[in-house]
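Asker: Chain residues, written in single-letter form:
Number of protein chains: 4
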Amino acid sequence: MNNTPRVTVWNEFRHERNNEAVAAIYPRGMHETIAAPLRAAGLEVATATLDEPEHGLTEARLEATDVLVWWGHRAHAEVSDAVAERVRRRVVDGGMGLLALHSSHFSKPFMGLMGTGCFLKYRVAGETERLWVVDPAHPVAAGISDAIELEREEMYGEPFDVPPPDELVFISWFKGGEVFRSGCAWRRGLGRVFYFRPGHETFPTYHDPRIQRVILNAVRWAAPPADLRPPVRGRREPLEPLG
Amino acid sequence: MNNTPRVTVWNEFRHERNNEAVAAIYPRGMHETIAAPLRAAGLEVATATLDEPEHGLTEARLEATDVLVWWGHRAHAEVSDAVAERVRRRVVDGGMGLLALHSSHFSKPFMGLMGTGCFLKYRVAGETERLWVVDPAHPVAAGISDAIELEREEMYGEPFDVPPPDELVFISWFKGGEVFRSGCAWRRGLGRVFYFRPGHETFPTYHDPRIQRVILNAVRWAAPPADLRPPVRGRREPLEPLG
Amino acid sequence: MNNTPRVTVWNEFRHERNNEAVAAIYPRGMHETIAAPLRAAGLEVATATLDEPEHGLTEARLEATDVLVWWGHRAHAEVSDAVAERVRRRVVDGGMGLLALHSSHFSKPFMGLMGTGCFLKYRVAGETERLWVVDPAHPVAAGISDAIELEREEMYGEPFDVPPPDELVFISWFKGGEVFRSGCAWRRGLGRVFYFRPGHETFPTYHDPRIQRVILNAVRWAAPPADLRPPVRGRREPLEPLG
Amino acid sequence: MNNTPRVTVWNEFRHERNNEAVAAIYPRGMHETIAAPLRAAGLEVATATLDEPEHGLTEARLEATDVLVWWGHRAHAEVSDAVAERVRRRVVDGGMGLLALHSSHFSKPFMGLMGTGCFLKYRVAGETERLWVVDPAHPVAAGISDAIELEREEMYGEPFDVPPPDELVFISWFKGGEVFRSGCAWRRGLGRVFYFRPGHETFPTYHDPRIQRVILNAVRWAAPPADLRPPVRGRREPLEPLG
Numbered sequence: 001m002n003n004t005p006r007v008t009v010w011n012e013f014r015h016e017r018n019n020e021a022v023a024a025i026y027p028r029g030m031h032e033t034i035a036a037p038l039r040a041a042g043l044e045v046a047t048a049t050l051d052e053p054e055h056g057l058t059e060a061r062l063e064a065t066d067v068l069v070w071w072g073h074r075a076h077a078e079v080s081d082a083v084a085e086r087v088r089r090r091v092v093d094g095g096m097g098l099l100a101l102h103s104s105h106f107s108k109p110f111m112g113l114m115g116t117g118c119f120l121k122y123r124v125a126g127e128t129e130r131l132w133v134v135d136p137a138h139p140v141a142a143g144i145s146d147a148i149e150l151e152r153e154e155m156y157g158e159p160f161d162v163p164p165p166d167e168l169v170f171i172s173w174f175k176g177g178e179v180f181r182s183g184c185a186w187r188r189g190l191g192r193v194f195y196f197r198p199g200h201e202t203f204p205t206y207h208d209p210r211i212q213r214v215i216l217n218a219v220r221w222a223a224p225p226a227d228l229r230p231p232v233r234g235r236r237e238p239l240e241p242l243g
Numbered sequence: 001m002n003n004t005p006r007v008t009v010w011n012e013f014r015h016e017r018n019n020e021a022v023a024a025i026y027p028r029g030m031h032e033t034i035a036a037p038l039r040a041a042g043l044e045v046a047t048a049t050l051d052e053p054e055h056g057l058t059e060a061r062l063e064a065t066d067v068l069v070w071w072g073h074r075a076h077a078e079v080s081d082a083v084a085e086r087v088r089r090r091v092v093d094g095g096m097g098l099l100a101l102h103s104s105h106f107s108k109p110f111m112g113l114m115g116t117g118c119f120l121k122y123r124v125a126g127e128t129e130r131l132w133v134v135d136p137a138h139p140v141a142a143g144i145s146d147a148i149e150l151e152r153e154e155m156y157g158e159p160f161d162v163p164p165p166d167e168l169v170f171i172s173w174f175k176g177g178e179v180f181r182s183g184c185a186w187r188r189g190l191g192r193v194f195y196f197r198p199g200h201e202t203f204p205t206y207h208d209p210r211i212q213r214v215i216l217n218a219v220r221w222a223a224p225p226a227d228l229r230p231p232v233r234g235r236r237e238p239l240e241p242l243g
Numbered sequence: 001m002n003n004t005p006r007v008t009v010w011n012e013f014r015h016e017r018n019n020e021a022v023a024a025i026y027p028r029g030m031h032e033t034i035a036a037p038l039r040a041a042g043l044e045v046a047t048a049t050l051d052e053p054e055h056g057l058t059e060a061r062l063e064a065t066d067v068l069v070w071w072g073h074r075a076h077a078e079v080s081d082a083v084a085e086r087v088r089r090r091v092v093d094g095g096m097g098l099l100a101l102h103s104s105h106f107s108k109p110f111m112g113l114m115g116t117g118c119f120l121k122y123r124v125a126g127e128t129e130r131l132w133v134v135d136p137a138h139p140v141a142a143g144i145s146d147a148i149e150l151e152r153e154e155m156y157g158e159p160f161d162v163p164p165p166d167e168l169v170f171i172s173w174f175k176g177g178e179v180f181r182s183g184c185a186w187r188r189g190l191g192r193v194f195y196f197r198p199g200h201e202t203f204p205t206y207h208d209p210r211i212q213r214v215i216l217n218a219v220r221w222a223a224p225p226a227d228l229r230p231p232v233r234g235r236r237e238p239l240e241p242l243g
Numbered sequence: 001m002n003n004t005p006r007v008t009v010w011n012e013f014r015h016e017r018n019n020e021a022v023a024a025i026y027p028r029g030m031h032e033t034i035a036a037p038l039r040a041a042g043l044e045v046a047t048a049t050l051d052e053p054e055h056g057l058t059e060a061r062l063e064a065t066d067v068l069v070w071w072g073h074r075a076h077a078e079v080s081d082a083v084a085e086r087v088r089r090r091v092v093d094g095g096m097g098l099l100a101l102h103s104s105h106f107s108k109p110f111m112g113l114m115g116t117g118c119f120l121k122y123r124v125a126g127e128t129e130r131l132w133v134v135d136p137a138h139p140v141a142a143g144i145s146d147a148i149e150l151e152r153e154e155m156y157g158e159p160f161d162v163p164p165p166d167e168l169v170f171i172s173w174f175k176g177g178e179v180f181r182s183g184c185a186w187r188r189g190l191g192r193v194f195y196f197r198p199g200h201e202t203f204p205t206y207h208d209p210r211i212q213r214v215i216l217n218a219v220r221w222a223a224p225p226a227d228l229r230p231p232v233r234g235r236r237e238p239l240e241p242l243g
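Protein chains in written order, with this note's numbering: chain A, 1 to 243; chain B, 1 to 243; chain C, 1 to 243; chain D, 1 to 243.
Just so you know, these hints were derived from the structure itself, not from any lab.
Note that the structure is predicted; figures quoted are calculated from it, not measured.
Heads up, a few of these hints could be off.
The list treats identical chains as one, so a pair stands whether inside a single copy or across any two.
Here are the computed lysine to any residue pairs in the SDA-like style, where the Cα-Cα straight-line distance is at most 20 Å [what the hints assert, rightly or not]:
#1 K175 - A226
#2 K175 - G234
#3 K175 - P164
#4 K175 - N19
#5 K175 - P204
#6 K175 - G117
#7 K175 - A60
#8 K175 - T202
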């Protein structure tokens with residue numbers, strides 16, 4: 001496993017500029033709050049946002065990215081189809097990891113990788129969430145003991161309309177009566193995808209060191225292995241000698 | 001799929017004889033309450049209990065069983081190793097389905113099929129449980145809309161120490177703060193295994209028509225296909241002609 | 001399980017009109033050869049082809065289809081994006097099954113459901129293929145003993161660039177030295193997807209009764225359950241009463 | 001991931017002492033040939049064999065083992081039930097990885113973890129095997145390009161009677177007409193299990209640097225994560241504060 005992946009944190013970066021309450025929590029944008037602990041762990045971290053040219057996700061930027069962290073919410077439709085497709089291909093053909101956070105379940109790159117509608121239930125009530133670890137030995141749960149309790153979060157409820165996860169790490173309990181598969185992993189082509197639920201913009205979730213630890217774990221987990229050999233495709237001869 | 005499987009409902013049948021509160025709920029034993037709606041659906045249903053010779057699970061009885069429903073709790077250790085192993089083999093080599101109910105997570109046949117410790121958290125507090133459907137198109141969820149709420153049940157909490165289920169159908173929410181993978185499916189050899197969580201003996205859970213529907217669904221799902229061909233094993237010649 | 005699903009067999013239907021060798025094998029089109037044994041089994045079967053208006057796949061046609069069988073090869077790009085997306089949505093939101101045959105791995109509906117590139121190796125050499133059953137109790141393998149040998153087929157080789165199948169039923173051996181996951185199942189939203197490899201247009205594969213049996217099995221397996229309840233989505237209140 | 005796990009290589013170590021042909025290939029025992037490249041990679045490697053007291057697998061030895069590599073064949077029955085159960089528990093409760101090689105599919109610890117019969121087809125014909133990579137981005141395939149060809153090996157054929165692997169890395173092609181899932185991964189409790197097929201005692205398979213690379217990869221993959229927190233079990237109070 002690659003332990004010092006090159007990371008790009010992508011953020012829609014609109015709420016922080018349009019909503020004072022959000023700006024108070026994330027004055028430099030959520031991407032900077034998410035990036036800081038990754039940098040502190042020794043990773044090389046860039047950021048990119050929706051309103052940059054090509055949303056900051058040029059071919060060169062993606063080529064230099066081992067794991068892309070994505071936060072989007074209201075402006076999913078403003079992400080160009082071309083860039084969304086570029087991200088999807090970089091995952092499946094290039095082995096880039098994708099960590100989709102919170103409302104990014106409806107982002108174009110994530111939906112394109114899933115193939116499903118990605119629907120769910122929701123409620124913004126600032127209620128208690130408990131993220132229970134269901135696979136304690138999974139690398140993404142490293143350092144987390146039993147569960148993480150967040151005092152105030154948005155609720156997401158099942159059924160979560162995604163393909164059955166290849167690995168399920170967290171299930172959330174919400175005080176208002178629902179459950180949700182909050183930490184889900186999929187392998188897609190050469191890349192790995194992780195969805196991590198918490199992070200509504202009006203709550204200080206990404207300042208929480210336990211959430212930061214899970215994000216760091218997920219970034220390391222999603223990075224491509226050090227000596228990945230690209231698959232051989234195309235026409236072959238009978239009993240053709242191997243590579 | 002075999003829609004009229006031959007079913008045997010196995011019950012420890014001790015609580016009902018030793019505890020008046022349980023006897024009041026299940027006067028003829030839980031096995032009869034579980035069997036009745038299966039019979040009403042046209043299935044051929046036998047019962048068997050711990051204190052019968054060979055626990056009622058002779059070779060002949062198992063040979064005549066397509067799906068075995070199992071409820072055990074306090075007396076798991078009294079099930080003989082030989083009978084437990086007979087059940088396990090009938091699943092993997094004979095294609096019998098096994099539906100393990102509630103505290104049967106610690107039963108010998110289920111544990112032998114899982115290979116893990118099958119631990120969990122618990123609390124008998126008679127609290128609200130909601131079983132959320134996470135895979136609405138799964139045959140075991142047929143006829144169930146969104147969730148089943150049980151007013152009073154025992155709590156089981158994650159992590160549930162079982163192999164990752166091949167299919168996950170229900171996740172439970174408990175008022176006291178926990179979650180649990182309540183409806184889990186595994187394929188093992190030629191057989192299918194389903195674990196369904198609810199059913200503490202001091203609550204009238206198996207009288208609930210929604211729970212009865214899930215059990216009927218699970219029994220049909222777990223039955224072997226009509227035209228199953230046994231696998232061919234053993235020594236072969238090079239380019240040996242096929243069966 | 002729904003045992004008499006309504007089926008639509010979709011075929012590109014170009015090779016049969018442009019290539020005499022193919023026309024000799026499938027004079028009325030591959031769709032008719034595929035449809036005939038399904039009809040003989042009592043299923044209600046319609047057909048549709050690329051050059052019909054909307055490729056024969058109107059909203060009404062899909063609404064009346066429980067399982068869609070798809071064969072395409074050279075003209076994937078001529079399938080309109082709108083119709084491909086209509087098919088994908090009918091699977092994930094409507095519970096329609098999709099059985100993708102042979103070169104349909106590159107068809108738009110299948111690729112949209114997978115989210116990956118669906119690449120593979122290939123060789124048209126008319127060589128022996130053996131489809132080994134790896135899950136003998138799977139309903140799609142019912143009636144098939146051990147393996148199916150096809151004297152002459154096109155080769156497809158690994159790695160097959162699809163998400164890890166939820167269920168793997170067949171693995172092919174090719175005389176020229178390759179292997180392939182030939183029978184793969186996925187659950188996607190409310191629908192089920194099955195990929196079945198054999199069926200190159202210049203070989204009489206779909207006249208083979210064993211291949212016909214697998215297709216019949218797969219159609220039955222892919223059909224939605226009889227009493228499927230659509231998932232509840234959207235905004236909820238705290239402790240809102242259930243359904 | 002733990003990149004320098006402590007490894008114990010366990011070997012039945014009978015063929016090498018009873019059969020001159022095997023002794024010629026593995027004069028110091030297969031365990032030493034398997035251990036050498038792991039040591040060269042910087043891992044701490046011990047060995048243990050059947051005829052040592054407690055088969056060399058004392059509680060202390062297992063406590064000091066992150067990954068156990070197992071090779072057994074003829075003498076599976078001579079492994080004591082107590083030691084086999086100790087190994088199984090160390091995997092599921094202690095997080096030790098288990099790498100089961102070749103005929104170890106029938107070893108007691110592996111069978112106990114699987115819960116199935118672990119049957120297969122076989123033929124000792126010294127024929128060509130090709131291990132195709134089906135998941136090129138899997139860490140166990142790192143450094144392997146497309147496939148590994150072994151000129152002479154024993155054949156194992158499907159169906160392989162194990163639970164559906166959580167991850168499938170290699171599928172073998174055999175010249176005599178069979179296929180086999182040769183590289184399979186399972187998560188069991190806190191531990192990881194990998195089965196790797198090649199290694200019949202009369203062929204020099206473990207001297208092959210590509211096979212050695214896969215074994216090194218699998219050992220690293222199977223090691224427990226660095227900061228694994230043991231699961232919390234047992235009785236809980238309602239809304240009990242979290243750890």
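Asker: State whether the alpha carbon distance between K175 and P204 is at most 20 Å within one copy, between copies, both, or neither.
Answerer: Cα proximity of K175 and P204: one copy only (18 Å, versus 25 Å across).
Asker: Cα distance capped at 20 Å. Does K175 pair with G117 within a copy, between copies, both, or neither?
Answerer: Classified as neither; 26 Å inside a copy, 30 Å across copies.
Asker: For the identical chains here, do K175 and A60 meet the 20 Å Cα criterion within one copy, between copies, both, or neither?
Answerer: neither (44 Å within a copy, 43 Å between copies)
Asker: With identical chains treated as interchangeable, where does the CA-CA distance between K175 and G234 reach 20 Å or less: within a copy, between copies, both, or neither?
Answerer: between (53 Å within a copy, 18 Å between copies)
Asker: Taking 20 Å as the upper bound on the Cα-Cα distance, should K175 and T202 be classified as within, between, both, or neither?
Answerer: within (18 Å within a copy, 26 Å between copies)
Asker: When Cα atoms must be at most 20 Å apart, do K175 and P164 count as within-copy, between-copy, both, or neither?
Answerer: Answer is neither; intra-copy 25 Å and inter-copy 26 Å both fail.
Asker: Up to 20 Å between alpha-carbons, please classify K175 paired with A226: within, between, both or neither.
Answerer: Cα proximity of K175 and A226: none, with 42 Å in one copy and 32 Å across.
Asker: Up to 20 Å between alpha-carbons, please classify K175 paired with N19: within, between, both or neither.
Answerer: Neither, since 27 Å and 34 Å both go past 20 Å.
In the structure shown, a violation is registered for the earlier hints numbered 1, 3, 4, 6, 7, in ascending order.
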